[in-house]
Amino acid sequence: MKKVFGKPESLKDAIFHYCAGCGHSITHRLIAEVIDEMGIRDIAIGIPPAGCAVLAYNYFDIDMLEAPHGRGCAVATGMKRTLPDKLIFSYQGDGDLAAIGTAETFHAANRGENITVIFINNAVYGMTGGQMAPTTLLGQASTTSPPGRNAILDGYPVRMSEILALLEGTKYIERCAVNTPANIIRTRRAIKKAFQYQMDDVGFTMVEVLSQCPTNWKMTPIDACKWIDEVMALSFPPGVIKDIKGKG
Amino acid sequence: MGKRVGMEVAIAASEAVALCNIDVAAVYPITPQSHMAEHLADIIHDGRIDAEFITVESEHSSISACAGASATGARVYTATSSQGLMYMHEILPIVSAMRLPVVMGNANRAVSGPLNIWNDHTDIMPQRDSGWICMFAENGQEVVDMTIQSFKIAEHPDVMLPIVLNIDGFQLTHMIEPLEFPTQKEVNKFLPPRKPFASLHPDNPISMGCFNTPDIYAETMKAKDTALHNSKKTIVKIWKEWGKQFGRTYKPVETYRAKGADTLILTMGSMGETASIAVDELRKKGAAVGLVRLRLWRPFPLDELRAAIKGCKTLIVMDRAISFGGAGGPVGTEIKSLLYHDKGRPRIVDFIMGLGGRDVTVNDFIAMVERAKKKKDETYEYYGVRE
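Chains U and V, in that order, give the protein sequences.
Read in order, the letters of the first sequence are residues -17 to 230 in our numbering.
Read in order, the letters of the second sequence are residues -2 to 384 in our numbering.
Read the hints as simulated data drawn from the structure, not as lab findings.
Glycine is no exception: its CB is placed at the ideal position from the N, C-alpha and C atoms.
It is possible that part of the hints are untrue.
Some chain U residues well away from chain V (every beta-carbon gap over 12 Å; in silico) [to be verified]:
id, residue
1, Leu(-7)
2, Arg11
3, Asp45
4, Ala81
5, Pro128
6, Asn132
7, Thr162
Partner residues are not named here, just some residues of chain V that face chain U (Cβ under 10 Å, in silico) [unchecked claim]:
id, residue
8, Gly81
9, Ser109
10, Gly110
11, Pro296
12, Thr358
13, Asp361
FRET-style restraints, in silico, Cβ to Cβ [what the hints assert, rightly or not]:
id, chain 1, residue 1, chain 2, residue 2, range
14, U, Asn92, V, Ala304, 53 to 63 Å
15, U, Gly(-12), V, Thr376, 48 to 58 Å
16, U, Leu37, V, Asp47, 55 to 65 Å
17, V, Ala364, U, His(-1), 48 to 58 Å
18, V, Glu375, U, Asn92, 52 to 62 Å
19, U, Gly151, V, Glu238, 58 to 68 Å
20, U, Met20, V, Pro123, 37 to 47 Å
21, V, Lys219, U, Leu37, 29 to 39 Å
22, U, Ala2, V, Arg368, 42 to 52 Å
23, U, Pro219, V, Gly110, 34 to 44 Å
24, V, Ala364, U, Ile167, 54 to 64 Å
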C-alpha cells in the first residue's frame, strides 16, 4: 500500500504535552511540514517562548534557543544578523508577543529584520491559567477579568497584525486559524510564504494564528473551534493584512 | 479573631490584602504567583473592596504603576515571582528612594537560566541591595499576619519604605493550611488608613524622584541606608503590637530548641518547619542541635542574631541561592562578614542546597549536621548536588 501520510521529519518522536483540542500541536506540525517540504531543516533555527509552547524544543528536531519571556524578536534579530543564511523564526503567544514583549516585537518589525514570527493568538494567557491577555475579547471572562473584559478598565483587544502592518519595515503579515481543515491548509500556505520571503531576503514576516484553547475557554474542543469562527474572528478577521509582493 | 479555615496560602495572601482595604493592585500573572493575582481580581471585581485592579502588560509596568499610585497616597499591593521580580529590578530602588510604602508578595522561584519554575531564593537575593525591607514567611498563618503587618510597617511615618514578603513558591503558595483570619474590625483597629507624609496633589505641589547631581546623590543613598537600618525599631514595635492584639508574636530572629545547642541550623522561609523536625530527631538522639530562623533579611538583625547564636560552636547556614564566583551563598557570606570581629564566634558552615525546587528532607538536614561536624574549614559547599 502506498504511504500517503506520515510524521514530518522535523518533528521528534515525542508526544505533545498540549491539552486536547489545543491549536499548538497543529501549528507545530504545520511548521515542521513546511520545513521538510522546503528542505531547510539544516538551516532552520526556532525560538520558543515562555508560555504553553515553552517546551517546543522537545518536539522540533531542529536547532532551538529558548528566549526570555517576550524577547523572541530581539533574540531572533541577534541570530539573524550573525547568521543571515539561516532561517530564523520565533514562535510566540499573545502574552509573550503582545504583552511583555510588545516593544521588542514592534522595533524588530520596524527595523525590518529579516525574520519570521509565528504568533499564536488564543486570547488568554494560557500557561499561567487563563488570565486576561491584551488579545482577550471585550466581554470575554478570564481569571483576572471574571465578569468579562471591560474596555473602560482593561482597554481593547490589541490587533498586533494590523498595528505592525503600519510599519514600513514589515513585508508580509497574514492572520490565519487552525480550527478547520480549510483554515489549517491556509495557515500552512502562509507559513511557507513567510519562510520563502525570509529566504528571499524580503524582510519581516509574521503569521498570526488564531488558536483554540478549550481548557482556558472552558469549552469542548469542538465548541472552541466554532468559537474562533463565530466570535473571535469578528475581532480578529483572518486574511492577508500586508503583502508587499502580493496584493494585500 | 475570625474562625479557623482551610485555605490555599496564595489565596490567603490575597484575602489578607483585602482585609487591608487596598486602593490599587497592579499585577502581572506568573507561576507560582498566579493564584494571588487571580484571587485579587476576584475580590476586586466582586466589589468586596473598592480598589482598582490594573491588568498591566509586564512586571516592569506593575511595579511602576504601584509607584505612581503610591505617590498619590494610595495603599498599593503587587505580587510577583522569579523572572517577574528580576524584570522589576530596575524600578525597585526607585520605589525605595522615593520612600513609597508599596507592599509586595513574592512567590519565591528559581531564576532562569535554565528555566525552572520551582522554589528557591535565587530571585530575591539579587534584589538585596534595592533598599526594600525584606522578610520571609515560614507558613500560611505567617503569610496572613505578615501581609497585614507589612502595610502598617511600610506606611509608618518612621519607616516609609517598600516591603517584600517572601512566600516560598509551591512549597508554601500552593499548600492548603488551617488559618485564622482576623476580623475586618480587628484589622481596622490595627491598621488605620494610610496617612502619607507627602503625596502628589495639585493643591499641594511637590516633586518626587528628582534628578540628583554628584553633590547630593551620596547623601540620598546614605539617607536611604539610615532609613532602612532605623526601620528595625518600628518593625519590632509593630510586631509586638500585633502579638498583643492577636497573640502571635513575631521577632526578627526566631529560635527553636536553641537553648544549650552547640550546633545551630539557620534557615529562611518555609524550610524552617522541616528543619525543626530534624532538630527534634537529633535532640531525641541526644545531640545538642537547635534552629535559628531569620525572618528579617533587610534590615539585617545583627544584634538579634548575635543573641540567638550566643554560645553555639557551629552555625550551619542553609543558602538557597549562590553568588557565582564569590564567597558562597549570600546569607552565609553576609553572616561570616558581620561576625568577623566577634570573639568566640561560631564556626560557620555554609551549604548551598534546595536550588530549583530540589527537596530538602528531614534526613538531608540530619546529613548536613553530620557533614558539618566533619568539615574542617569554612568554605561553602553544595549539598546533594551531583558532580
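Consistency of the hints with the structure:
1. Distance check for Leu(-7) of chain U against chain V: the nearest CB is about 22 Å away, which clears 12 Å, and the non-interface claim stands.
2. With a minimum CB-CB distance of about 24 Å to chain V, Arg11 of chain U clears the 12 Å threshold, and the non-interface call stands.
3. Distance check on Asp45 of chain U: its Cβ is at least 17 Å (rounded) from any Cβ of chain V, clearing the 12 Å threshold; non-interface status holds.
4. With a least beta-carbon separation of about 4 Å from chain V, Ala81 of chain U fails to lie farther than 12 Å from that chain, contradicting its non-interface assignment.
5. Look at Pro128 of chain U: its CB is around 5 Å from the nearest CB on chain V, not clear of 12 Å, so calling it non-interface is violated.
6. A beta-carbon of chain V is positioned within 12 Å of the beta-carbon of Asn132 of chain U; the least distance is around 9 Å.
7. Thr162 of chain U, annotated as away from the interface, keeps every beta carbon of chain V farther than 12 Å; the closest lies near 31 Å.
8. At about 9 Å, the closest approach between the beta carbon of Gly81 of chain V and any beta carbon in chain U falls short of 10 Å, and the interface hint on this residue holds.
9. Because the smallest distance between the Cβ of Ser109 of chain V and any Cβ of chain U comes to about 7 Å, under 10 Å, the interface hint for this residue holds.
10. Nearest Cβ of chain U to the Cβ of Gly110 of chain V: about 7 Å, under the 10 Å cut. The hint holds.
11. The closest approach between the C-beta of Pro296 of chain V and any C-beta of chain U is roughly 32 Å, which is over the 10 Å cut-off, so the hint fails.
12. Restraint check, Thr358 of chain V versus chain U: the minimum CB separation of about 28 Å is more than 10 Å; hint violated.
13. Interface hint at Asp361 of chain V: violated, since its Cβ lies 29 Å from the closest Cβ of chain U, which is beyond the 10 Å cut-off.
14. Roughly 60 Å separates the CB atoms of Asn92 of chain U and Ala304 of chain V, a value that falls within the hinted 53 to 63 Å.
15. Taking 48 to 58 Å as the suggested C-beta distance range, the pair Gly(-12) of chain U and Thr376 of chain V conforms, at roughly 57 Å.
16. At roughly 42 Å, the beta-carbon separation of Leu37 of chain U and Asp47 of chain V lies outside the given 55 to 65 Å, and the hint is violated.
17. For the pair Ala364 of chain V and His(-1) of chain U, the supplied restraint of 48 to 58 Å is violated, since their beta-carbon distance comes to about 35 Å.
18. A C-beta distance of roughly 54 Å is found between Glu375 of chain V and Asn92 of chain U, which places it inside the suggested range of 52 to 62 Å.
19. At about 60 Å, the beta-carbon gap between Gly151 of chain U and Glu238 of chain V stays in the expected band of 58 to 68 Å.
20. Hint check: Met20 of chain U to Pro123 of chain V, Cβ distance near 43 Å, so the stated range 37 to 47 Å holds.
21. Taking 29 to 39 Å as the suggested C-beta distance range, the pair Lys219 of chain V and Leu37 of chain U does not conform, at roughly 48 Å.
22. Take Ala2 of chain U and Arg368 of chain V: their Cβ atoms lie about 48 Å apart, and the range 42 to 52 Å holds.
23. Between Pro219 of chain U and Gly110 of chain V the beta carbon distance is about 38 Å. The supplied range of 34 to 44 Å therefore holds.
24. A hinted range of 54 to 64 Å holds for the C-beta pair Ala364 of chain V and Ile167 of chain U, which are about 60 Å apart.
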